[in-house]
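Chain order of the listed sequences is A and B. The opening residue of the first sequence carries number 1 in the numbering used here; numbering runs sequentially from there. The opening residue of the second sequence carries number 134 in the numbering used here; numbering runs sequentially from there.
Take these hints with a grain of salt, some might be off.
Claimed, not checked - Covered stretches of chain A, going by a simulated chain B footprint (3 or more residues, C-beta under 8 Å):
1. 14-26
2. 93-107
3. 115-129
To be verified - Computed list of chain B residues with no C-beta within reach of chain A, every gap over 12 Å:
4. Ala144
5. Ile206
6. Ser312
7. Ala463
8. Pro465
9. Ala474
Claimed, not checked - If you want the ones that stay clear, here's a sample from chain A, every Cβ over 12 Å from chain B, calculated:
10. Arg3
11. Asp38
12. Arg43
13. Gly45
14. Ala50
15. Val90
16. Ala111
17. Arg112
18. Val132
19. Pro133
Hints were generated in silico from the structure; no laboratory data involved. On a predicted model such as this, the values are computed, not experimentally measured, just so you know. Virtual Cβ for every residue (Gly too), placed ideally from N, Cα, C.
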Amino acid sequence: MARHQFAVIALLGVALASIFWVLLDVAGAYTHTSFGVDAFQNRFGDLTKAVNARTVFGYISDNRPDDPSDQAEFYLSQYTLAPTVLVTSVNQREVVANLHAANPDMNALRARNLVPVRNFGNGIFLCRNVTVP
Amino acid sequence: MSLLYLLLFCAAGFGLMRFFLSGQLRPSLHNALLVSAGAGVGLGIASCLYFVCLASLGPKIPVLAAVEGIFVIAAVALGLRAKVRNLELSPAPGARIPRYLIVLVGAAALLGLVLFVTHSANKPHGEWDAWAIWNLRARFLYRSGELWKNAFSAQLSWSHPDYPLLLPGLVALCWTLSSESTLVPIAIAFLFTFATAGLLISALAVLRGRAQALIAGALLLATVEFVEVGAMQYADVPLSFYILATIVLLCLQDRYPDNARFSILAGLTAGFAAWTKNEGLLFVIAVVLARAVALIRFRSVPRLVRQAGSVAAGLVFPLAVVALFKLRFAPPNDLASARPADMIAHASNVGRWIAVLQGFGKEALFFGQMAVEGELVRGFLIPIALVLLLYWFLIRFRVEERDRSAVATAALTVGLMLAGDFLVYLLLPNDVGWQMSTSLDRIFLQLWPAGLFAFFMAANAPELVAKAAGEKSKPARKPAKAQRRVAETRPAR
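Sequences are here, hints too, so could you generate the full structure?
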């Protein structure tokens, strides 16, 4: 009986200690979350009301391509703007620009034939690609 | 309001379960099992009906509400009017449960609940796959109106638009009937996570006794990865629920061979596994093969034929929905579209064999470890495989003759699933390292509840309470013939 008791207590003891350890850790881990979805959605604010399901929008960001958050921000932008379809290209008539700099570089957009048509604040712009009819 | 709809679907699932396996309407182990399994059955049927309505008539809310309403009313009515049969699933006989075991189980349930709630409160949209795949698809289905087929647009290929729609359909259904809220996917995740634990505990209590059930249930609830992935709103925990439910129902079928209803329900839950994730299709093949082998080896071919018909009857509806989705709406799967020449090249690459073997070996040993945001590693403080090995060493396996086909079904299914997943990793993806690093832990997680079920079905019942003095002094009797046939895996000394 003692052998069986030891087996059960060891098994459940390890499991309970593990989950308890994680719970102690949880608060600290969550405070430096990289991608708060709600905060990200709030950045897009009124843009979500200006888009519709019938249009495919291009997407551009000022993140470096090798920045791990670049892909996550594109996915979150798509999640936020659904049911509009976003594509990671500027070859659409309308393009969403997701910029992070305090003073966004508009010349960089113009260099890619993008003309900002509306500023939604928080670095979010709706642009028109002048080369796409 | 949307939570009320979810509860109604669960009630309908219970009603349907009770129609098939009716018992007295009172608090009992029988009804605990029906409630746990019924939650998944009800949610699965509701999701299938949603997609059938959408595919056939478009987003017509009155039609959808009528169809779902008829389902709920009919299922609840069937459950209430079901005649009580001579079938009451009761706890297998066993020794008294010590108080410390109940305390440990309670602590595991409480800690699991706190972890789930904390995670959900901090991340109500779930984690990466939730907002990049499952909830994104739900938003498309709900917000697009007549353009709902945009959810499967080739321009969203990065979000795997070929994945089945049990979860997105369920979320979109509740949003359509009420309004968009993060509470819906959280509640669905909660239901599947804790219904899996409820099903594991109630099924093992019936088949192996309360001690085995409580130990297995506590271990599952204290598995950080299981609770966290549930709270992350991924489809892996719902899939693990349907895998476990199918295996449990087939094992109960062996205990009640004259009641084919267990097999019908097993077919239904296997079909819902296929409607949850693509791995569910692999599961349908694996469980059918495993069942066939187990019945041929330990029972008889006529029994196999009878059960095959019942399982097929249960599979028809969900598999028809999966076929409708896959053939008419879903784009090709990125892995399944691999060319034969590539697959041959992959199979002849020794490096890939080693990489996949290493990946499976590491995951088997370190199951439960999770890298969170690339830095923090969580999981069991000691590899759980080693702790289970110690548990086996101290307690050993003991499979009674009547449970041999059940244990073989469970163990073979898990084994075949792992073998199938091994082949998928070996043959299909171009970047096998990346593919395994992002999914292998969840492949093991999908099989964790079923694996625990198989383990505790086979494990000896632990003696946790001292026998009464009278019991000790009884002279040893010659074991009955049936007892002598018990399979004892303990090696001879």
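Hint check results:
A stretch counts as covered by a chain when three or more of its residues have a beta carbon under 8 Å from one of that chain; for the stretch 14-26 of chain A and chain B the count is 12, and the coverage holds. Counting residues of the stretch 93-107 of chain A whose C-beta lies closer than 8 Å to any C-beta of chain B gives 0; at least three are required, and the coverage claim is violated. Coverage of the stretch 115-129 of chain A by chain B is violated in this model, with 0 residues showing a Cβ closer than 8 Å to a Cβ of that chain against a need of three. At roughly 31 Å from the closest C-beta of chain A, the C-beta of alanine 144/B stays outside 12 Å, upholding its exclusion from the interface.
With a closest Cβ-Cβ approach of about 32 Å to chain A, isoleucine 206/B is found to remain outside the 12 Å limit, as its non-interface label requires. With a closest Cβ-Cβ approach of about 16 Å to chain A, serine 312/B is found to remain outside the 12 Å limit, as its non-interface label requires. Interface exclusion of alanine 463/B from chain A stands, the closest Cβ pair being 17 Å apart, more than 12 Å. For proline 465/B, the requirement that its beta carbon stay farther than 12 Å from each beta carbon of chain A is met, with the minimum near 19 Å.
For alanine 474/B, the condition that its CB be more than 12 Å from all CB atoms of chain A holds, with the nearest at approximately 30 Å. A beta-carbon of chain B is positioned within 12 Å of the beta-carbon of arginine 3/A; the least distance is around 5 Å. The Cβ of aspartate 38/A does not lie farther than 12 Å from every Cβ of chain B; its closest approach is about 7 Å, which violates its non-interface assignment. The Cβ of arginine 43/A lies farther than 12 Å from every Cβ of chain B, with a closest approach of about 15 Å, so its non-interface assignment holds.
Non-interface call for glycine 45/A relative to chain B: holds, since the shortest CB-CB distance, roughly 17 Å, exceeds 12 Å. The Cβ of alanine 50/A sits about 14 Å from the closest Cβ of chain B, beyond the 12 Å cut-off, so the non-interface label holds. With a cut of 12 Å on Cβ distances, valine 90/A stays outside the contact zone with chain B, its closest approach being about 15 Å. Every CB of chain B is more than 12 Å from the CB of alanine 111/A (nearest about 25 Å), matching its label as outside the interface.
Listed as outside the interface, arginine 112/A is consistent with that label: its C-beta sits roughly 20 Å from the nearest C-beta of chain B, beyond the 12 Å cut-off. No beta-carbon of chain B comes within 12 Å of the beta-carbon of valine 132/A; the shortest separation is about 16 Å. Proline 133/A, annotated as away from the interface, keeps every beta carbon of chain B farther than 12 Å; the closest lies near 20 Å.
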